[in-house]
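Peer 1: For reference, the chains in residue letters:
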Amino acid sequence: MSAAIRVENVSKRYRLGVINRRMLYQDLQSRWARWRGQEDPHSKVGEKLRGNGENFWALDGINFEIRAGEVIGLIGGNGAGKSTLLKILSRITSPTKGRVCLKGSVASLLEVGTGFHPELTGHENIFLNGTILGMRQSEIRRKFDQIVDFAEVEQFIDTPVKRYSSGMYVRLAFAVAAHLSPEILIIDEVLAVGDARFQEKCLGKMESIAGEGRTILFVSHNMGAIRALCSRGILLREGRVVMDGSIDETITAYIGDNFASASSYEAKERPASPHFERITATQEPAAQGTFSIGQPLVVTFETNPCGKKDLTVGLVIRNSQGVWVQHSSDEFAAAKDPLATVSRCIIPPHALGPGKYHLDALLAKRNEEAYEHLVNALSFEIAFDGAMAARTHAADWKGACGPGLLLWE
Amino acid sequence: MNDTATPDAPEDLSQWSKVITPQRGWLDVRWRDLWQYRDLIYMFVRRDFVGTYKQTVLGPLWFFLQPLFTTIVFTIVFGRIAKISTDSVPPPLFYLSGVVMWQYFADCLQKTSTTFTANADIFGKVYFPRLVLPISTVITNLITFAIQFSLFLGVLVFFKLQGAPVFPNFRMAILPLLLVMMAALGLGVGCLVSALTTRYRDLSVAVGFGVQLWMYGSTVVYPLSEIAPEWRWLLVLNPMVPIIEAFRFAFLGSGVVEIWQLAMGAGVCVLVLLGGIITFNHVEKTFSDTI
Ligand SMILES: Nc1ncnc2c1ncn2[C@@H]1O[C@H](COP(=O)(O)OP(=O)(O)OP(=O)(O)O)[C@@H](O)[C@H]1O
Ligand SMILES: [Mg+2]
Chain A
1 MSAAIRVENV SKRYRLGVIN RRMLYQDLQS RWARWRGQED PHSKVGEKLR GNGENFWALD
61 GINFEIRAGE VIGLIGGNGA GKSTLLKILS RITSPTKGRV CLKGSVASLL EVGTGFHPEL
121 TGHENIFLNG TILGMRQSEI RRKFDQIVDF AEVEQFIDTP VKRYSSGMYV RLAFAVAAHL
181 SPEILIIDEV LAVGDARFQE KCLGKMESIA GEGRTILFVS HNMGAIRALC SRGILLREGR
241 VVMDGSIDET ITAYIGDNFA SASSYEAKER PASPHFERIT ATQEPAAQGT FSIGQPLVVT
301 FETNPCGKKD LTVGLVIRNS QGVWVQHSSD EFAAAKDPLA TVSRCIIPPH ALGPGKYHLD
361 ALLAKRNEEA YEHLVNALSF EIAFDGAMAA RTHAADWKGA CGPGLLLWE
Chain B
1 MNDTATPDAP EDLSQWSKVI TPQRGWLDVR WRDLWQYRDL IYMFVRRDFV GTYKQTVLGP
61 LWFFLQPLFT TIVFTIVFGR IAKISTDSVP PPLFYLSGVV MWQYFADCLQ KTSTTFTANA
121 DIFGKVYFPR LVLPISTVIT NLITFAIQFS LFLGVLVFFK LQGAPVFPNF RMAILPLLLV
181 MMAALGLGVG CLVSALTTRY RDLSVAVGFG VQLWMYGSTV VYPLSEIAPE WRWLLVLNPM
241 VPIIEAFRFA FLGSGVVEIW QLAMGAGVCV LVLLGGIITF NHVEKTFSDT I
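Protein chains in written order, with this note's numbering: chain A, 1 to 409; chain B, 1 to 291.
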């Protein structure tokens, strides 16, 4: 397949600080003062030393090439420059240096519902939004029924969108975008909208778009979605490409990037609703951050129920691939005191394979909304120790659970 | 990685359908893109028209009331109190003709002048040729003009039936040309102002005031014949003067416009339009960084 996108040495400089916020009269005053040889009344102290403001390189020498039909996941931490790169590719802003070559029609979706007008009906907004995104009228007319179907808003299609619930609004907006059919599709973190069922539907739709052989460049912080969709990953850090390879390698590198071990959590603020006071991971003999795969690991949750009863503590343990290795709750305890404020979870040896993990904690009442949901409450690493560490290499074992979980005879 | 040090090496770029580079010339206006996005112009016209129509309680009635009340006020203030001549035309008809024409121009200017500030959120999220917006504004205003113009025609017929000395004539055919001139002038100045307001926010406050002043510099509330002949050339530098005079000459049969004045006005309009579009185009490519 031939190349669809080629990015050559692209850099983008932003000027930091307050720009373009000056008033015309201030500019005239400054000019008048300078002309008479006086000091500029509007110059800030020390401004002369720094010249014309500070520059900041959001992208710094980006190079890559994408072949037609590839689905690429672009990942990186906050401020890595992902959105900036997408904006350059979609011509919203121009690069400061470098060159981008594209082959085929491009549509980009950096936000759902751009240009929606609250007074117009769903019907009118489908046409407006579709046209803004680059569709022709005839194309929208052809796909209109599919779009309405996908959004599940048939009954409200002639109602002004200002009367829509925010979920319906987002569904409609995404439905329009999902029916774009460019050769190159650029998508920035827009899947994190709607309810879980709709998100799944969107992912499915994206998979089928990818299956049609379109080139897709996809940004998300949801590693599960990235892994499901993409075949190749590009990792950005501080405006540079630090990794360009298979999606698994890239995600692992990214999670390694962000990994700061924390084997305890302490509440910082104490709301009046039920919340976690403290969460700790401990092991005998005492360890910090890195635990042995061969010993039980105890996670202790201390909660403050604030007068509520029958609370449930849940946990999710995710590995460096973003896979949920464990999802459990204290409802599985053999016996449970409804007034207990401490729950203890014992993770047996080899329940988790060697690698890095994040633990999310959830405090809820059965079938009701969660009181507290802590993402990445704990982060820790599991490693071999003792005799096994000397004999094998952690990277040799690729299962999500440890190799010693199975019983061999 | 020094292999890209010569970006303009004789590499064949024709296999790519789009090449994005930092530089873009001042005169590099993407006309072809604009043509490709013609559907969007239509959609924006629809949006703006339906949007305003639905938002105001009075709906389209508002479009009648505005020129009507302005005309009544002008008739009282400039006709009755200041007693400014109206070239033997019934004062309401005289002022209404000026108001309807002026309103189209003023709307074009004022609405296009907020293009960047009013659409900052869209501009940061999606690409389309930015000129689509001011162009669609000018077209939307044409609908408003049509409504107000029909009001003017109604009043004209009413006065004619009463036997007023007004003489509509074949020169009415020039109306489309006058509209194009006004659209060009309004669009040009509006684009210029909207480009400048991205740099100087306080300019947007001055626009309303400037339009007001400009109206008194145009022959809306007085006829050109009231101006001493040796000063007329100065006033005629303002294209709105020959435009309004020509309109009155065609529909009411009064006015002192000459062909060369209209031609000069058209020249000024074209220059202003080009200047506006070029400035707009220049600001457009860096604007989204500065929101
Ligand atoms: N218009 C702007 N002016 C100045 N700095 C900007 C501008 N837009 C972005 N930046 C800076 O550029 C850097 C990269 O921003 P960008 O939006 O590309 O990050 P990102 O990778 O998309 O992050 P996130 O995951 O949070 O969306 C950030 O440090 C941001 O502050
Ligand atoms: Mg972003």
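In case anyone wonders, no lab produced these hints; they're calculated from the structure. It is possible that some hints are incorrect.
[What the hints assert, rightly or not] Straight-line C-alpha distance at most 25 Å; calculated BS3-like pairs for lysine-lysine:
| hint | chain 1 | residue 1 | chain 2 | residue 2 |
| --- | --- | --- | --- | --- |
| 1 | A | 97 | B | 285 |
| 2 | A | 309 | A | 365 |
| 3 | B | 18 | A | 103 |
| 4 | B | 83 | B | 160 |
| 5 | A | 268 | A | 365 |
| 6 | A | 103 | B | 83 |
| 7 | A | 356 | A | 336 |
| 8 | A | 336 | A | 308 |
| 9 | A | 97 | B | 18 |
| 10 | A | 268 | A | 308 |
| 11 | B | 83 | B | 285 |
| 12 | A | 336 | A | 309 |
| 13 | B | 54 | A | 162 |
| 14 | A | 309 | A | 356 |
| 15 | A | 205 | A | 103 |
Peer 1: Let me make sure I understand: some of the numbered hints might not hold for this structure. Which ones are they, in numerical order?
Peer 2: 6, 7, 11, 14
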